[in-house]
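Below, each chain spelled out in residue letters.
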Amino acid sequence: MKFFKKRPYLQFISPGIALYSIFVIVPVLFAIFLSFHEWSGIGSMKFVGLDNYAKLLTDPRTSEIFLNALGNNLKYTLCVVTIILGVQLVFAYLLNINIRGAKYFRLMIFLPYVISTAIIGFFTLIVFDPNLGILNNILGLVGRADLKSAWFGDPKIAFVLLVMVILWQSVGAGMMIFYANMKDVPKSMIEASVIDGAGEWKRFTNIVIPMLGPSFTTNIMLGVIWGLTIFDIPFLIGGPQGGINNSIDFVNQFFYRSTFGSAYFGETSLGFGACISVTMFVIIFSISLMLSKLLKRFKFND
Amino acid sequence: MKKSFKFIAMLLVLVSVAFLALGCASSATTDSPSAEDTNTQTAADTPSPQPSAEKAKLLVWEHTPQFEEPLKQVIEAFKTQNPDIDVEYEIKTADQYYNLLATTIQAGEAPDLFWTNGTATSNYGSYASQGVLMDLTDKVDYSIYPEAAMKLVDIDGHYYSTPGATADTRAVYYNKDIFDELGLSVPKTFDEFEADMQTILDAGYVPLALGGSFFWSTLFTFEPILAAMEPDWLQAAAKGEARVNDPHVAAVWEKMIEWGNKGYFGVGYLGVDEGGQLLAFSKGEAAMTITGSWNVSTFSSNNPDLNYGAFQLPTKDGTRPMIVTYACGFAVSANTEYPEAAVKFAQFLASVEGQSIWVKALNGVPGLSEVVSEDPVIAEMTQHDIQVESFYSILGDYASEDGNPGQIMEEDATKVLSGNLTPEEFLNSLDALMQ
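Sequences listed follow chains A and B, in order.
Under our numbering, the letters of the first sequence match residues 1 to 302, in that order.
Under our numbering, the letters of the second sequence match residues 1001 to 1435, in that order.
Isolated chain A (complex conformation) (with noise of 0.2 angstroms):
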């Protein structure tokens, strides 16, 4: 009691570690005590070392499927991290200069990213379906049937067709950040700029990008956990094998059907799971720190 007496600060704050400790470290704890061993989820737990590591990294089978899913969730990273990030730039500073009808812009592109992502699943589905969907219907209608195409169920094109869904549903958020920070370069700079005869390029580039350090950490570590964890909108559309060809398949599914099983088979292995699931948590919290390291070098912390 006298530790705790000297110390009133952890009376204050004792609440907040019980409740962390509780629904954050303990399942952590778990996890990693659960990878060492074989579970179905009913019954007894086997142990089993290092068995599950070893299948992850080493099976022939297994760990070219992780592998696959590992690099799709890299890919997509660096697509969010650039394409996704640069097109959230160009919205934001489009409003900020406020062109002709910025406000029923700003409106429309924000709307995809309030609709749940199982109604966008669904959404996929109405046209993209190359019988029903609108898609291939309209190119049959307008003389270009060459253009039909199995869209998701090409495995070339599956993956940049999530790509653009993506984009689609997620471009209102990040620009909306982006938006807010801009607000914030005061505006007797770009005066000053516009009489020392900068044009817009210019003035893009050289100060509102250089003052918009704050909403680029929030965006590009928003966007990195977020890419490495996606797991939402691959597994609506492509299910949980993750598409054709395991084109969309990511590592969040490829670890949901190993540890849940898939459609009707219902073998759950909740070891093997949470063997992916520590792996995965190394591979994020080592770029999550490089990642900050990084952006602390490039004073964009401020």
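It is worth saying that the hints were derived from the structure and are not from the lab.
The beta carbon of each residue, even a glycine, is placed where N, CA and C say it ideally should be.
Be aware that a few hints might be false.
Unchecked claim - Restricting the straight-line Cα-Cα distance to at most 30 angstroms, the calculated cross-link-like pairs of lysine-lysine (DSSO-like) are:
{"hint": "1", "chain 1": "A", "residue 1": "Lys183", "chain 2": "A", "residue 2": "Lys202"}
{"hint": "2", "chain 1": "A", "residue 1": "Lys148", "chain 2": "B", "residue 2": "Lys1262"}
{"hint": "3", "chain 1": "B", "residue 1": "Lys1176", "chain 2": "A", "residue 2": "Lys75"}
{"hint": "4", "chain 1": "A", "residue 1": "Lys187", "chain 2": "A", "residue 2": "Lys296"}
{"hint": "5", "chain 1": "B", "residue 1": "Lys1139", "chain 2": "A", "residue 2": "Lys148"}
{"hint": "6", "chain 1": "B", "residue 1": "Lys1055", "chain 2": "A", "residue 2": "Lys148"}
{"hint": "7", "chain 1": "B", "residue 1": "Lys1176", "chain 2": "A", "residue 2": "Lys156"}
{"hint": "8", "chain 1": "A", "residue 1": "Lys156", "chain 2": "B", "residue 2": "Lys1255"}
{"hint": "9", "chain 1": "B", "residue 1": "Lys1072", "chain 2": "B", "residue 2": "Lys1151"}
{"hint": "10", "chain 1": "A", "residue 1": "Lys148", "chain 2": "B", "residue 2": "Lys1255"}
{"hint": "11", "chain 1": "B", "residue 1": "Lys1283", "chain 2": "B", "residue 2": "Lys1176"}
{"hint": "12", "chain 1": "B", "residue 1": "Lys1344", "chain 2": "B", "residue 2": "Lys1139"}
{"hint": "13", "chain 1": "B", "residue 1": "Lys1176", "chain 2": "B", "residue 2": "Lys1055"}
To be verified - Label-pair distances were calculated between CB atoms; the ranges are:
{"hint": "14", "chain 1": "A", "residue 1": "Ser44", "chain 2": "B", "residue 2": "Glu1374", "range": "48 to 56 angstroms"}
{"hint": "15", "chain 1": "A", "residue 1": "Phe47", "chain 2": "B", "residue 2": "Glu1194", "range": "53 to 61 angstroms"}
{"hint": "16", "chain 1": "A", "residue 1": "Ile119", "chain 2": "B", "residue 2": "Asn1303", "range": "18 to 26 angstroms"}
{"hint": "17", "chain 1": "A", "residue 1": "Ile225", "chain 2": "B", "residue 2": "Asp1232", "range": "53 to 61 angstroms"}
Said to hold, decoys possible - Which residues of chain B face chain A? A few of them, derived with a C-beta cut under 10 angstroms, are:
{"hint": "18", "residue": "Tyr1098"}
{"hint": "19", "residue": "Thr1103"}
{"hint": "20", "residue": "Tyr1127"}
{"hint": "21", "residue": "Ser1429"}
Use these hints to put chain B onto chain A, whose structure you have.
What follows is chain B alone, placed relative to chain A:
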């Protein structure tokens, strides 16, 4: 200004705590752990005024909305005969069913009765060995069932589930209007079937709708084509006398790939899932589709005006093989609060009366000679010359001790159609996991 702020903040905190308390209280009575896609219905016609302390309440879980109607009707009939037992049911979606079931069993709140796929999936055996299922061997009358139906519920001589009285088969459903328009009749040989598909393609319809992105649609189309092309191999394999990486089986996959490339499955069939496949047929965009006998009522409920029939795919010489797999029924939880009532319900499900109601409501193919179906499509579909096994059942029957060919099949079958895996590689990987 500050004071009213404080007051509003206090109010908000109270309201959120109240909601939290309400949520916790109601989650103790509602059963489903996942809020989406569950459908809770009380099958009671008359609301019971004051449930007496002894009134038994049973909860039944079913895995797909396709079986909601038969279950509802069986429950109605049961309740008229047993007014002192209250029965409710919940329908889950098929791809979440086993996750939800495992979670609820683990939480100790398993429903009193729940559907399983019997010995067709491995978790039935593990549930039985861990004492999750009640042993029904001496409690339910199984005498009317043929051995093939009992195979699905039997673990080492003990029965843990009611059998299914629908003998499920797969058939080629065809759109009678399109056939009439093109002057086609039900093909009598395999070659005639292929020629018909070309005619239909030239006329601008999709000859054979297939949901290529969904494994089970591919499987249910593959099995009848295998039976029509290689019935001898199939019958030998059912006895354990043929391997799955036989060139005959590879030839069937090659045939399917060839049909896909010719456009017989429609443009971009690899992007279609099961729902899309069934809808394409229901809407009349596809002239034919191969799927299970359990979908007879799906088409008429999708499109009541659809004029359709079904036939078994014939071999080169006109023999019609019919694949028969028995469905499975419901298992009883070992920890049910009302064991007597649960067993009574299980017995009713397994009786001729219960099964007749089920088969009729589902429009299924009866597997018991005592149960007769009146549906004309079923009558047309079940005309056959020889009975054969399903390929998937053979994989399950002859799987090696720790091999899981069903899982490999589920993960890789669609890759064969998309050209990412050759049929030989695929079949070799399956064969490696067989005895």
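Evaluation of the provided hints:
no.: 1; hint: Lys183(A) - Lys202(A); result: holds, 18 angstroms
no.: 2; hint: Lys148(A) - Lys1262(B); result: holds, 15 angstroms
no.: 3; hint: Lys1176(B) - Lys75(A); result: violated, 49 angstroms
no.: 4; hint: Lys187(A) - Lys296(A); result: holds, 27 angstroms
no.: 5; hint: Lys1139(B) - Lys148(A); result: violated, 58 angstroms
no.: 6; hint: Lys1055(B) - Lys148(A); result: violated, 60 angstroms
no.: 7; hint: Lys1176(B) - Lys156(A); result: violated, 37 angstroms
no.: 8; hint: Lys156(A) - Lys1255(B); result: holds, 23 angstroms
no.: 9; hint: Lys1072(B) - Lys1151(B); result: holds, 26 angstroms
no.: 10; hint: Lys148(A) - Lys1255(B); result: holds, 24 angstroms
no.: 11; hint: Lys1283(B) - Lys1176(B); result: holds, 13 angstroms
no.: 12; hint: Lys1344(B) - Lys1139(B); result: holds, 9 angstroms
no.: 13; hint: Lys1176(B) - Lys1055(B); result: violated, 51 angstroms
no.: 14; hint: Ser44(A) - Glu1374(B): 48 to 56 angstroms; result: holds, 50 angstroms
no.: 15; hint: Phe47(A) - Glu1194(B): 53 to 61 angstroms; result: holds, 56 angstroms
no.: 16; hint: Ile119(A) - Asn1303(B): 18 to 26 angstroms; result: holds, 25 angstroms
no.: 17; hint: Ile225(A) - Asp1232(B): 53 to 61 angstroms; result: holds, 57 angstroms
no.: 18; hint: Tyr1098; result: holds, 3 angstroms
no.: 19; hint: Thr1103; result: holds, 8 angstroms
no.: 20; hint: Tyr1127; result: holds, 7 angstroms
no.: 21; hint: Ser1429; result: holds, 8 angstroms
Checked against the numbered hints above, the structure breaks hints 3, 5, 6, 7 and 13 and satisfies the rest.
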